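J.: Residue numbers (this note's numbering), protein chains in the order written: chain Y, 1 to 245; chain W, 1 to 268.
It is possible that part of the hints are untrue.
[Stated by the list, open to error] Estimated spans, in silico, between C-beta atoms of each pair:
id	chain 1	residue 1	chain 2	residue 2	range
1	W	Gly209	Y	Ala94	51 to 57 Å
2	W	Arg185	Y	Ala94	28 to 34 Å
3	W	Glu86	Y	Glu130	24 to 30 Å
4	Y	Asp198	W	Met248	43 to 49 Å
Think of the hints as simulated: they come from the structure by calculation, not from any bench. Computed from a prediction, not measured in an experiment: that's the story for all the values here. Ideal Cβ placement from N, Cα and C applies to all residues, glycine included.
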Amino acid sequence: MSFPPPLSGGACPGLDPGGWEEKAAASPSPPPPAPLPQGEGEGTSAFRLRIVDLRSRLAGPFNLELPAGECLAITGPSGSGKSLCLRMIADLDASEGDVLLDGAHRLSFSAPAWRRKVVYNAAEPGWWHERVSEHFRGGILEFARTMLPRLALAAELLGSDIVRLSTGERQRMALIRALALQSPVLLLDEPTGALDQDSTDLVEVVLRERLAAGTTILMVTHSAAQAERLARRHLRMENRRLVPT
Amino acid sequence: MMPILLTPSDLAIAAVLIVLDAGLSLALRLALHTQLIWAAVRMVVQLVLVGFVLRLVFSMASPLATLAVILAMVAVAGSEVAARPEQRLGRFGNYAVGASAVAFATFLTAILALTTAIRPQPWYDARYAIPFAGIILGNVLNSGSLALDSLLGGVVRERLAIEAQLALGASYGQAMRGLIRTSVRRALLPIINQMSAAGVVTLPGIMTGQILAGMDPMEAAKYQILLMFLLSGGSGLAAVTVVYLAAMRLTDDRQRLRIDRLSAKARG
Numbered sequence: 001m002s003f004p005p006p007l008s009g010g011a012c013p014g015l016d017p018g019g020w021e022e023k024a025a026a027s028p029s030p031p032p033p034a035p036l037p038q039g040e041g042e043g044t045s046a047f048r049l050r051i052v053d054l055r056s057r058l059a060g061p062f063n064l065e066l067p068a069g070e071c072l073a074i075t076g077p078s079g080s081g082k083s084l085c086l087r088m089i090a091d092l093d094a095s096e097g098d099v100l101l102d103g104a105h106r107l108s109f110s111a112p113a114w115r116r117k118v119v120y121n122a123a124e125p126g127w128w129h130e131r132v133s134e135h136f137r138g139g140i141l142e143f144a145r146t147m148l149p150r151l152a153l154a155a156e157l158l159g160s161d162i163v164r165l166s167t168g169e170r171q172r173m174a175l176i177r178a179l180a181l182q183s184p185v186l187l188l189d190e191p192t193g194a195l196d197q198d199s200t201d202l203v204e205v206v207l208r209e210r211l212a213a214g215t216t217i218l219m220v221t222h223s224a225a226q227a228e229r230l231a232r233r234h235l236r237m238e239n240r241r242l243v244p245t
Numbered sequence: 001m002m003p004i005l006l007t008p009s010d011l012a013i014a015a016v017l018i019v020l021d022a023g024l025s026l027a028l029r030l031a032l033h034t035q036l037i038w039a040a041v042r043m044v045v046q047l048v049l050v051g052f053v054l055r056l057v058f059s060m061a062s063p064l065a066t067l068a069v070i071l072a073m074v075a076v077a078g079s080e081v082a083a084r085p086e087q088r089l090g091r092f093g094n095y096a097v098g099a100s101a102v103a104f105a106t107f108l109t110a111i112l113a114l115t116t117a118i119r120p121q122p123w124y125d126a127r128y129a130i131p132f133a134g135i136i137l138g139n140v141l142n143s144g145s146l147a148l149d150s151l152l153g154g155v156v157r158e159r160l161a162i163e164a165q166l167a168l169g170a171s172y173g174q175a176m177r178g179l180i181r182t183s184v185r186r187a188l189l190p191i192i193n194q195m196s197a198a199g200v201v202t203l204p205g206i207m208t209g210q211i212l213a214g215m216d217p218m219e220a221a222k223y224q225i226l227l228m229f230l231l232s233g234g235s236g237l238a239a240v241t242v243v244y245l246a247a248m249r250l251t252d253d254r255q256r257l258r259i260d261r262l263s264a265k266a267r268g
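Using the sequences and the accompanying hints, generate a full structural model.
T.: Take a look at the structure:
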């Protein structure tokens, strides 16, 4: 088990990949992943994300196959297991079964490396520094600066304290944080839950760009209209199982 | 120079003060007299018993008996550390963490003091080993329970922040670093306060005791200085051990935050 070194060492982690202890294959800001061919080819790697019999005491089993650039929307009542499902895929909750990224088993990645590629963005974002900008380190701060206006956020917000942000502002900031990793898979838990229609539209434009660039998105949403707009497939969570709509 | 020995009648005269307190409680309707008398009786019985046990152990001059007494003290201190936090680690985790950290910090510090600074013959002489272990334990208990309470409470309070970092690819160690730091820091504040106030605000207990027992104040001060170093060393060791052991129990081989291994203390 890898465990923290004694209390020496630098400040708390921002998002600077150079600071990770893992042997991360990371330049600060890799370009968005290229789209994979979407053919019906044999073999696992035709799918960006394959979820095989993923289950825990609390939810599942889940079976899903998603090619690159596809968006799957999951709707369903509160407490039906939508967040659990995303958390299991990101390996934040213990689960059995397998998840494969471009044909590679998740256990072949270290847990942090897996979570950098299969990024979970929680419905209620967490913050570990006082100021907004401290959560964006290195090249990621540049990325955040370019994203702010696109999501109708003022540039000055970077310099303010987290507690001064509105819920909607925090939600968009957290989304930028997740997008900054340029991961091949995004697991978005109600990414526009706290946003008005204008901001929601802006977020959807950005997400559509990511889809076009080949990112695979699993999205929990309460809005059937949003599922309709973004997703090619739409499943319902009922009693901790995924069922067709 | 011999200390002035107390006779039972000396104690009886002082006990009048307790009776006076009880009378005040009755007169002012504080409803404290029962508790007060009861606590006084308990105190007398406990201390007389300890006196007897120590006299016995000293006369036995057996390292095994000494070890047994110290282990019993460690066990009590460990359970105190385990009992403080609002949160409980599963599978008696609080107790395992508390007892092992307290034992580790106390033995290391006490053995260091006995073999290098005090050097009684033999070094495990009960007359030195037991009082030293006792004083160190008291402080180690304090810092250990503060550290554990701070870490377990912090994990619950800052769960979103820790998991947000994990979800963005931070290692468990990185995600916990801030909390680990504040927990150790909080645990060390009392001993820092104690050191900076020593002699100015309070005359420390050991020094007072040594002076009453007839020791030269300068010699007593040296004893107290040694002790303060031991106490801060022990506190630091205990805090760090508690925090790391508890943090390790809150994760698994995939560097998750296993908050499911925590449960709130049953109130009642």
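J.: Work down the list of hints and note, for each, if the structure agrees.
T.: Now the hints, each set against the structure:
1. Gly209(W) - Ala94(Y): 51 to 57 Å: The hinted range 51 to 57 Å holds for Gly209(W) and Ala94(Y), with Cβ atoms some 54 Å apart.
2. Arg185(W) - Ala94(Y): 28 to 34 Å: Roughly 31 Å apart at Cβ, these two residues keep to the hinted range, so it holds.
3. Glu86(W) - Glu130(Y): 24 to 30 Å: holds (25 Å)
4. Asp198(Y) - Met248(W): 43 to 49 Å: holds (47 Å)
Consistency note: the structure conflicts with none of the earlier hints.
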